[in-house]
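K.L.:
Protein chains in written order, with my numbering: chain A, 1 to 197; chain G, 1001 to 1350.
Careful, some of the hints might be misleading.
[As the list claims (entries may be wrong)] Covered, in the sense of this in silico footprint (three residues per stretch, anywhere, with C-beta under 8 Å from a C-beta of chain G), are these stretches of chain A:
| # | stretch |
| --- | --- |
| 1 | 51-61 |
| 2 | 80-94 |
| 3 | 175-183 |
Just so you know, these hints were derived from the structure itself, not from any lab.
All figures in this text were calculated on a predicted structure; none of them were measured in a lab.
Think of the CB as a built atom: it goes at the ideal place given N, C-alpha and C, for glycine as much as any other residue.
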Amino acid sequence: MEAPTGSGKPVDLLVEAFRQGRPGAFDAIVRAHQDRVYAFCARMLSDREEALDAAQDVFLSAWRNLAAFRGESALSTWLLRIAANRCLNRIRQRKSLASREGPWPDAGADGEGPEFQPASPEESRPDRVAENREMGAILSGALGRIDPDSRWLVLLSDVEGFSYEELAEMAEVPVGTVKSRLHRARMALRRMLAPAV
Amino acid sequence: MDCRDVMERLSDYQDGASGSAEAVGAHLRECAGCSEAARSLAAVREGLRRLPPLTAPPELVARVREAVAREDGGPAPVSAGTAAPPGARSVLSRLRIPLEAAAAVLFVASIYWYQKGSPPAPVPQAPPAPAGTAAPAPETAPDSSPRLPGKIAKSPERESRIAEKAEVASLPPGTPEPKSRAWSPAELPAAPAVRASSESARIVPGEAGPPAAPGAPEAQGGAAPGATRDEAPAPAPRVYAAPPSRLLRPLPYGREVVLDVTPEGREGAGERIAAAARRLGGSVERIERDPSGADVVAVRVLLPEPAAPSFLSELERIGKVPPEGRPAEVDLPAGPTRGTVAYTVRIRVR
């Protein structure tokens, strides 16, 4: 999908084709990135229907702004950054409406305090955990209970393989902050998944 | 390093950070609790890396297409990729109204030019009448309703009626008139063309004003007293040639100039006027003679606009242009086409 240029900067061929107005270029972009964007949205929102809406929003926003895409990062990085923002907005809207999810526990000023919702007693029971044979399903359920601002970092770091530096640039925070947030989120997942792992 | 410090550094340790890796490693070898925590943390991270891939539902592409089409203001394209980039769309949107306006202007202009440039009626060249037999008569308008010249040419009754009354004189035998032009009935207007019409560039009426009674004072631009007008069945209103376009040429073309000549200088005056016009790059459209055919009473010439002053000067050499015979707008271009001027020089004997 990417081709090197004389300056060493990779050029997304689909983006170039889209800018040149070639038929089918944006269709190809959607098809190339839809699974990755949708999976991220689904794990962020824990709702596949809402994830579908969010993914649609992501690609529509990309269509609007692709002409201004400077190519300083990969198109997938750009799309996932849009997806993170969209998903966080949706979660904040949920919170404001006090709908499905309860309030997220805020981290203390010193960074301590609960940063995840502990598993309900029902879900932490060994027999209940034993029923969830699928590690992916367990992890996905646990991911849905950690702080959204840390969740997207975990997804992009441990699932998508982004580096700490990339995440720091995306989150516009220092690398150390990214590392500490990630560690707390991982430890929270470990505690939630302790019966299974 | 206690267990709490180790727990805070487990991620860095597993990422291979070299800061306190040795101390953390040593603690983990000795502390079963921290070692178990490290193992479970690694399992979580490994589990995240091995999360099963999720596949987007097939309707996502279609939904994106529809959303893009709605954004683009049109129906959903067959392929989302056919949608123009936002930049191109905005350019098209900006150009749509100007393009529509330009199309409207072109449409109106095409109608205008079609009317202006519609092919003229065929102009038959009237055969020259034998010398001495031509009997000029004032033209009369059979009706007062304005008509398009094209329709005039198509009316046989009209043609025959005009042909009976309008005659074109020719020069005496032996006088070369290679460029003189006879006016055919088809070129004559059906009515006093006080307004322009589209195909009247060739229409030049020759007569103006009612016939003057013998001995009566002449009206400005009227017929020369020597010209016999008793045969005119009715007073003919002054007929102007209409310009080719109402918009571009709202004024009738052709100026009437009266030239007073002495009885001695009358002979050959018409030929001298015609020769002067030709010498200045013009042409002679018509020469009118008296009923006997001996004397020229009027000469109709067509000149390039720059030659108009020179032609008027030439007239002063042939005779005298009285103040009343020289209209104020005599120098204004009034020819059938742009940049030309037409004069009907009427010769009076004084």
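K.L.:
Determine for every hint whether it applies to the structure shown.
P.N.:
Hint-by-hint comparison with the structure:
no.: 1; hint: 51-61; verdict: holds (count 5)
no.: 2; hint: 80-94; verdict: violated (count 0)
no.: 3; hint: 175-183; verdict: holds (count 3)
Violation of the numbered hints given earlier is confined to hint 2; every other hint is satisfied by the structure.
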